[in-house]
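Protein chains: 2
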Amino acid sequence: MTRLFDRHQGTLDRAMKALAERDFWSPYPEVPSGKVYGETAKADGLAAFNARISTPFILKGHPLEYTVGNEVSPYGQALLVDYPAASSTTLVSASAEAGGGLWAAATPETRVGICLEILARLNARSFEMANAVMHTTGQPFAMAFQAGGPHAQDRGLEAVAQAYAEMTRTPSSAIWRKPQGNSAIVMEKHWRVMPRGVSVVIGCNTFPTWNSYPGLFASLATGNSIIVKPHPNAILPLAITVEVARTVLVEEGFPANLVLLAADEPGREITQDLVRHPSVAIIDYTGSSQFGGWVRANAGAAQVYTEEAGVNSIVVGATDDFAGMCANIAFSLSLYSGQMCTAPQNIFVPRGGIRTDEGQKSFHDVAQGLVAAIDRLLSDPDRAAGICGAIASPATLERISAARNMGTVLRESMPIDAASDARTATPLIVAVDAAESVAHESEQFGPIAFVIAVDTVDDGIERAARIAEKAGAITAALYAREDAVIEAAADRFARAGVNLSVNLTGGIYVNQSAAFSDFHVTGLNPAGNASLTDAAFVANRFRTVMWRRPAA
Amino acid sequence: MTRLFDRHQGTLDRAMKALAERDFWSPYPEVPSGKVYGETAKADGLAAFNARISTPFILKGHPLEYTVGNEVSPYGQALLVDYPAASSTTLVSASAEAGGGLWAAATPETRVGICLEILARLNARSFEMANAVMHTTGQPFAMAFQAGGPHAQDRGLEAVAQAYAEMTRTPSSAIWRKPQGNSAIVMEKHWRVMPRGVSVVIGCNTFPTWNSYPGLFASLATGNSIIVKPHPNAILPLAITVEVARTVLVEEGFPANLVLLAADEPGREITQDLVRHPSVAIIDYTGSSQFGGWVRANAGAAQVYTEEAGVNSIVVGATDDFAGMCANIAFSLSLYSGQMCTAPQNIFVPRGGIRTDEGQKSFHDVAQGLVAAIDRLLSDPDRAAGICGAIASPATLERISAARNMGTVLRESMPIDAASDARTATPLIVAVDAAESVAHESEQFGPIAFVIAVDTVDDGIERAARIAEKAGAITAALYAREDAVIEAAADRFARAGVNLSVNLTGGIYVNQSAAFSDFHVTGLNPAGNASLTDAAFVANRFRTVMWRRPAA
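Top to bottom, those sequences are chains A and B. FYI, in the UniProt record's numbering the residues of the first sequence are 1 to 552. FYI, in the UniProt record's numbering the residues of the second sequence are 1 to 552.
No lab work stands behind these hints, which were simulated from the structure alone. Do not take every clue at face value.
The list treats identical chains as one, so a pair stands whether inside a single copy or across any two.
[Said to hold, decoys possible] Keeping only pairs whose Cα atoms sit at most 20 Å apart, straight-line, the calculated EDC-like set for lysine to aspartate or glutamate is:
1. Lys17 x Glu188
2. Lys178 x Glu21
3. Lys178 x Glu30
4. Lys60 x Glu97
5. Lys178 x Asp518
6. Lys178 x Asp23
7. Lys17 x Asp382
8. Lys35 x Asp357
The structure displayed is predicted, hence computed values, not measured ones.
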């Protein structure tokens, strides 16, 4: 039963090395290139996606009491895919029945081998996944490929590697010899990894695979059975994932229902029933803070891991590369129209301006520098579409409208191509003064950013950190020239539980979180109670049970 | 700041090796001998204990709004020690103020060095602690020395070693180099361990140090500030612990209030206020399932680790050493009068009897064999006192009375020495038939055991496992001769989350849980949601926060 483990052991070993060393590494190429994925991969992936449209999504042997599916692409197309659906009671029963037996008794190597094979097959289908992610989330194609495909697979592999490291910390047997005078008590002891039970993974609309794979693969590798609950607007990427997982499980002689799809649609939601079900042992949740709070309060005895919302900040104190800074921030604000959980919302700038390589810049100069950089970045509509993608939820457009009244509009949000069916919006930039406004202290999800006048860079750091402590934050960025400022910011944001990026001006952005190196979310502020993927994220998904007897 | 780390690094390294290999090891000698602890250690320890009696317990700089203290030894003596006390609000404020600054910023090595020094000093005071534990819990002296002293210190060290292993899994810095065509993006990254905040440790009456040290030291080593909440009948052992910890912290330049005592007494309880306090981030609890359920339900966002109650079972199927089996079980039932969380309550015996080295034994033969072994073990009053100790709570005597009506009394519970002031009771043995009784399916804490007639050994295993799944269990024992029976029991008890001991007949008992080798409680049934001391027990007590910038 270790054939798949043997096949993928090199990948696993390298992943564990990367986790320990935190250097760059990925086994899944992020370039959507025919040279890597095969010359016909792009066309094949599109064809596979198109074949899904307007058809039932078949999962052989899956509970089916009714069908659901109302996905509409933010690019305009109705997907018209019908998914098998069942009540939470049926799903939890089927999951509990599939789990606990063979799967719980399998060795860590057997389970890890299967998880790595699932990831390898998902990798081969990255172009199909790219289309599925693009047309459920609104991500631009290149991003949908990367974030929905290889980068999500990286995060899944990271979770499997962490889980394997934790499962194998205790040996499967040992001899225990306690001296007693001239003699000894000698015991043989045997340990086994036991799963917790049924694990529910609740996906979000914007990153259905990237945010779900860590919990899914951590729970599967540690022997639990999985119910994947997609956001009703982003079912297809996770349905494909479930399909691949079930195929591999069945090939290896395990029940397909170890991985179930819990699809629902507005008016027939089942998430609350799943969360409250007493047989659910583990819940992974990505989504709003409001519903996240409900999940945490209503999950009963289940272990809950959340990534919720936050308010990410940039503090601009000084820079040696004003143009590079403005371009970098402009890209961070524009990428996927600010719909990344890591995207900045607040840009704190001293009221008296900052020192730069281009001389002193006033608050107004900095704000205008940012606006101009965004305008420049998005001046070509094709390029703008390739950066901004589309808006996942109509509610985001309403938020943009409301935000216009929160301060002085420095840059209008506009559709990228008014003639297109796509729901698009470029960044809205609003200036406020921290002495007069609290609008920026709440999350305004989407392409909405505030340039906020503060007393000093220290004032900006303190305000950004306090917002993180109160409303959550996943990322922070700082532009500064003095080491003392950088060190003070590193200390302050560490206390607020926010990962900080300093002086980004080139081709790397505060939004980016690299698997095997960057932990995503710290778990130390309201943006989430868990971290992708630290030991705490995996170690509580299983238990270690012993039997012992006097040694022969 | 690594002087103490350097001093104790050998101990730490050896502890980490033991955790990985799970062999026998302990740095703290368990024999209460003058040869080990110094010729005057025993007398000095008793004198130190006696000097505590009828005096205020001084903790310099500790919050003091009023005093409490109503401890009465189960051996008869009123301790009359007055402890400093304060409201939960005061304590949490003082704890939060002491934590977060220097302590959070200290390196793992600094904190771990201090924890190891505290443990070394506690070890040197093991005789004082033995008297304190004996006269608050009712444990016999030898057990109070071992369980309250060296074995508790072992469990503390185990937690520190696990915490150090987890804190150092991520490097403090790394260079991340991502190839980009002919060039590369190169980032320097810095990680630091950040604590969760205020950690409350709620102790129990019977094992105040052994059950509290894992949570206390795991939280302290990972940078949290600690509030130690003793059971109102067993304050002294934890007050001494707090005193030692504060002394070492102050010597090393840290605030004494990083470790606070939250003493209370009946009518002025503060545990519920502490549990509900929104600033409390971590709670460790040992005690009843009823209050444990309340703690889990009311702890808000705090991470909660519990050891609650359970019903431990022995299944007797066959034996090659009937006399050894009866003697072994007799000792397990008698030790500390069944007041260990690992003590067996239920002994399942096939209605048709069992095969033994002494030929076929009927159900009645087995039951009488156990009764005779207990009578023999406790025939000498001095030896009986040294094994049974005293009864911690008067409520236990009431439970014994009630249990007499639950079946056929095979052996009466009696005081060991009616003339003594000590509250004592030898084991009550009651026979029931599983077909007719459910009395044995609930916990009857204390020296109360049921011999239960069942159909077969398999029936006994299944019933014992189901009781564990429903009511919790920490230990199980099996006597069997066939490998198939042993394997089936190992599988079944693993699913029920119970550690199983097979065919114990010599000088090791099902009650015993050895640090560095045996995990205590699995976390997989209602006897507790955590395990001493696995990675899950420590990894969630801290967070990892990063800052990064382009490499120079």
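Structure-based check of all given hints:
1. In the homo-oligomer, the alpha carbons of Lys17 and Glu188 lie at most 20 Å apart only across protomers (18 Å), although the nearest pairing inside one protomer, at 32 Å, exceeds that limit.
2. Within a single copy, Lys178 and Glu21 get their C-alpha atoms only as close as 38 Å, which misses the 20 Å cut-off; across copies the closest is 14 Å, which meets it.
3. Taking identical chains as interchangeable, the C-alpha atoms of Lys178 and Glu30 lie at most 20 Å apart only when they sit on different chains, with a minimum of 12 Å there against 54 Å within one chain.
4. Proximity of Lys60 to Glu97 under the C-alpha cut-off of 20 Å is restricted to the intra-copy arrangement: shortest distance 17 Å within a copy versus 58 Å between copies.
5. In this assembly of identical chains, Lys178 and Asp518 lie within 20 Å of each other by CA distance solely across copies; the values are 13 Å between and 44 Å within a copy.
6. With identical chains, the CA atoms of Lys178 and Asp23 are at most 20 Å apart between copies only, with a shortest distance of 9 Å across copies and 43 Å within one.
7. In this assembly of identical chains, the alpha carbons of Lys17 and Asp382 never lie at most 20 Å apart, being 40 Å within a copy and 59 Å across copies at closest.
8. Taking identical chains as interchangeable, the C-alpha atoms of Lys35 and Asp357 are never at most 20 Å apart, the minima being 42 Å within one chain and 73 Å between chains.
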